[in-house]
Amino acid sequence: MFVTGCKLNQLIEGKSNSVSTPDNPPAAPTTKPPYLLFNSGEWGSYVLPDGNACNPTTDTDCIHSGELIGFETDVVSSCSQISAVDNLNVFDWSCKVISGTKIQVYSLGFKSGKGLIDLIDGLTWREISIQILKNSLPISTSDSTPLWSRTIASMPAGNPTTVTSLNQENIIYKVDTTLSSAGYNINADNVSIVMAPGAKLNLTATTNNCNL
-8 MFVTGCKLNQ
2 LIEGKSNSVS
12 TPDNPPAAPT
22 TKPPYLLFNS
32 GEWGSYVLPD
42 GNACNPTTDT
52 DCIHSGELIG
62 FETDVVSSCS
72 QISAVDNLNV
82 FDWSCKVISG
92 TKIQVYSLGF
102 KSGKGLIDLI
112 DGLTWREISI
122 QILKNSLPIS
132 TSDSTPLWSR
142 TIASMPAGNP
152 TTVTSLNQEN
162 IIYKVDTTLS
172 SAGYNINADN
182 VSIVMAPGAK
192 LNLTATTNNC
202 NL
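According to the numbering used here, the sequence shown is numbered sequentially starting from -8.
Hints listed in this document are in silico derivations from the structure and should not be mistaken for laboratory results.
Each hint should be verified, as a subset may be incorrect.
As the list claims (entries may be wrong) - Calculated pairs, DSSO-like style, for lysine-lysine (alpha carbon to alpha carbon, straight line, at most 27 Å):
#, residue 1, residue 2
1, Lys165, Lys105
2, Lys93, Lys23
3, Lys102, Lys23
4, Lys105, Lys23
5, Lys93, Lys191
6, Lys102, Lys165
Take the sequences, apply the hints, and build the full model.
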């Protein structure tokens, strides 16, 4: 029997005692989905670095938990020569060892030039998957799944003379085209606004109506 490549390495390292042949095909790898690092990781939610809830009136080190996602594997137990990519190519990644037996790759935030708009297709969340590589070669790939569930809705057209109130909590308003209005008043929690490429919000008010 002639054995080369990865299978030879596995045999040398004692990771396998069998060789795949046409009569003995390899078992299908077990895959897992990526996950949000914090239970409160829905888009627009903020936490402290330890995962506890953020109080915006007193805390100054809150982080956006919606951008923090992870994936782990026990194929290797060291972060040496490990890198990770996501299928949408929107996040930067880092790695840490968990319990000495497996690794976790986790997002550090958006790549330069990327943002929420890259996670959305129309008014739905795009599926995301993560691939872990060692020496630039894939060793583990997650299932593909939409991670977030926050409602995405089209931005109301607004009114040319009066300010439009955005008073629904836990929602993302998407601006797909240029809108002109007297402005918008965000008076609910966990409201996000995302702009499609080329879209703008134009102010028609002749006087400053901002309440800062």
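The hints, checked one at a time:
no.: 1; hint: Lys165 to Lys105; verdict: 16 Å, holds
no.: 2; hint: Lys93 to Lys23; verdict: 14 Å, holds
no.: 3; hint: Lys102 to Lys23; verdict: 24 Å, holds
no.: 4; hint: Lys105 to Lys23; verdict: 25 Å, holds
no.: 5; hint: Lys93 to Lys191; verdict: 46 Å, violated
no.: 6; hint: Lys102 to Lys165; verdict: 21 Å, holds
Checked against the numbered hints above, the structure violates only hint 5.
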